Structures are given as C-alpha cells and as structure tokens.
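Asker: Chains A and C, in that order, give the protein sequences.
Residue numbering for the first sequence follows the numbering used here, starting at 730 and increasing by one per position.
Residue numbering for the second sequence follows the numbering used here, starting at 39 and increasing by one per position.
Everything labelled a hint here was simulated from the structure, so no lab data went into it.
Quantities reported herein were computed from a predicted structural model and do not represent experimental measurements.
Do not rely on the hints blindly, as some may be mistaken.
Unchecked claim - One side only, chain A facing chain C, incomplete, derived with CB under 10 Å:
hint : residue
1    : M741
2    : L747
3    : Q753
4    : T782
Using N, Cα and C, we set each Cβ at its ideal position, and we do this for glycine too.
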Amino acid sequence: MYKALVCCRAGMGSSMLLKIKADQVISENKFPIQTEHGNLDSLMGFNGDLVITMEDLSVELKDKVPYALGIRNIMDKEEMKSKMEEFLAAKEGK
Amino acid sequence: MLKDMVSEKLIKLQIEADNWEDAVRQAAQPLVDENKAKMSYVDDIIKGVKEMGPYIVLTKHVALPHARPESGALENAIGVATLKTPVEFGNEENDPVKYMFCLCATGNSEHLNALAELAGLFEDKDFFDLLDRTTDPAEVMAYINKISAE
Numbered sequence: 730m731y732k733a734l735v736c737c738r739a740g741m742g743s744s745m746l747l748k749i750k751a752d753q754v755i756s757e758n759k760f761p762i763q764t765e766h767g768n769l770d771s772l773m774g775f776n777g778d779l780v781i782t783m784e785d786l787s788v789e790l791k792d793k794v795p796y797a798l799g800i801r802n803i804m805d806k807e808e809m810k811s812k813m814e815e816f817l818a819a820k821e822g823k
Numbered sequence: 039m040l041k042d043m044v045s046e047k048l049i050k051l052q053i054e055a056d057n058w059e060d061a062v063r064q065a066a067q068p069l070v071d072e073n074k075a076k077m078s079y080v081d082d083i084i085k086g087v088k089e090m091g092p093y094i095v096l097t098k099h100v101a102l103p104h105a106r107p108e109s110g111a112l113e114n115a116i117g118v119a120t121l122k123t124p125v126e127f128g129n130e131e132n133d134p135v136k137y138m139f140c141l142c143a144t145g146n147s148e149h150l151n152a153l154a155e156l157a158g159l160f161e162d163k164d165f166f167d168l169l170d171r172t173t174d175p176a177e178v179m180a181y182i183n184k185i186s187a188e
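Start from the sequences and build out the full structure, keeping to the hints where you can.
Answerer: Written out as structure tokens, the structure reads:
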C-alpha cells in the first residue's frame, strides 16, 4: 500500500475536494494507494510515497518530494486515473 | 451541510469584474459583510494566487477561492458568485472562470460534508444551467436546499 498526501496551500479547500475525488478514483480502480490530507506544512515530516496536489503547486514541489502528482482538472477522473497509473508503473519499475 | 454554509446574502450573480483579483474580491465581499471572514482572509486568497499560481481554479470555469484559516476566517461559509463576463486566472486548462465558490473554513472539519456536496454539484449540469440563467439568489439557494436535503 502506498501512502499519499493530498495537499494544497491552505489544507482546507482544494485539497479536501481533491481527496474526495482521489478516493473515488482509487476505490473504483482498486489502486493500492491510501490518502491523507494536509497543507503545505504537512509536507515536512511526511514520509509517504506520493504527494497529490493541484498542477501549479506540483511544479514547485517536484524536487522536494518523492513523487508529485499534479492534477489540472479536479473533476476529470480519467486524468487522475492515468496519473495514478503512471505513478504505480514508476514504482513497480524500480 | 452545504445549505448551512451558503445563504442568499452570500450569493452574488452576474458580477462584472475587470480581472481575476477584482472578481475574487467582489465574490468574497459578502463573506466580509456578513462577518464570516476578515478582510485579511480575502487578502490572503489574493496573496496565495500571486505566490503559488491559480491553484484555486479546480475544474473547467470553476474557482474555489480560499485561504488559510488563520489568515482571518471567522465562521464556516461558502459564497457563490457568477461572472457576467468570464475572466482569465492564468490557468491554461480551466480558464476562463465563470463560477466562483468562495470558501471560508475555520479549521475544524465541519465544512467537509459541505465540500463533498459541492463536489457533487460540480457534476450537476442543471445547477450550472441555473447559474447561467438566473439573477435571483433565492432561486440558487432553493436549488442548494433541495440537493442538500436529499
């Protein structure tokens, strides 16, 4: 099971909606990913595998976290699904 | 519940804005007027976008302006605003923004059910059709009451 942190700047708005949608996609596809949510401060001390956030933030995070997954359209389940598949493929390729 | 966080006074329809900052300020003003947020909260929304990019634009034509609770959130609330002329936020995927849901959350988890309901509304074409045609906040509130009760 991989641990994902869903975060945004405030940890109140985008990240919560993002978590709702991410959990839907994860359960529909039975992905081995578990999500928790937080703000940018939660990143410090986060020891999981993956950070899910909005695209603009993910660009800034790329070098700071193990894997940053940036979502452009929160309601686009296909985008979310394919990006999670990319993450899982990258993990399994190791 | 979403219906408990929105009220007619927090709904501003068909506003005319010069740019994204003006749009956010107009959409968030009712939150300040109704003592849901301090002006510093609205300032922090603007600051966040300037620093981090338009991450509050979540899906096609929809923005969820919000800031950190500690910047001046007083009560959990959500404002609803539509723009007469959509504005660019600089979000390539989802611009231009036409619908804004200003979230004010104080940091507890009371607003989570409301956000889940809001996520459902984002998929509700009838809701956006209503937002496109109405100028009456009561009509929008009635719709939210209806879905929020189901």
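Asker: Are the hints correct? Go through all of them and say.
Answerer: Here's how the hints hold up against the structure:
1. Hint status for M741/A relative to chain C: holds, with the closest Cβ pair at about 4 Å, below 10 Å.
2. Satisfaction of the interface hint for L747/A is found here, the shortest Cβ-Cβ separation to chain C being roughly 8 Å, below the 10 Å cut-off.
3. Annotation: Q753/A was flagged as interfacial toward chain C, and the flag holds, the nearest CB pair being 9 Å apart, inside 10 Å.
4. Hint status for T782/A: holds, given a least beta-carbon distance of 8 Å to chain C, under 10 Å.
Going down the numbered hints, you'll see the structure goes against none, and every one checks out.
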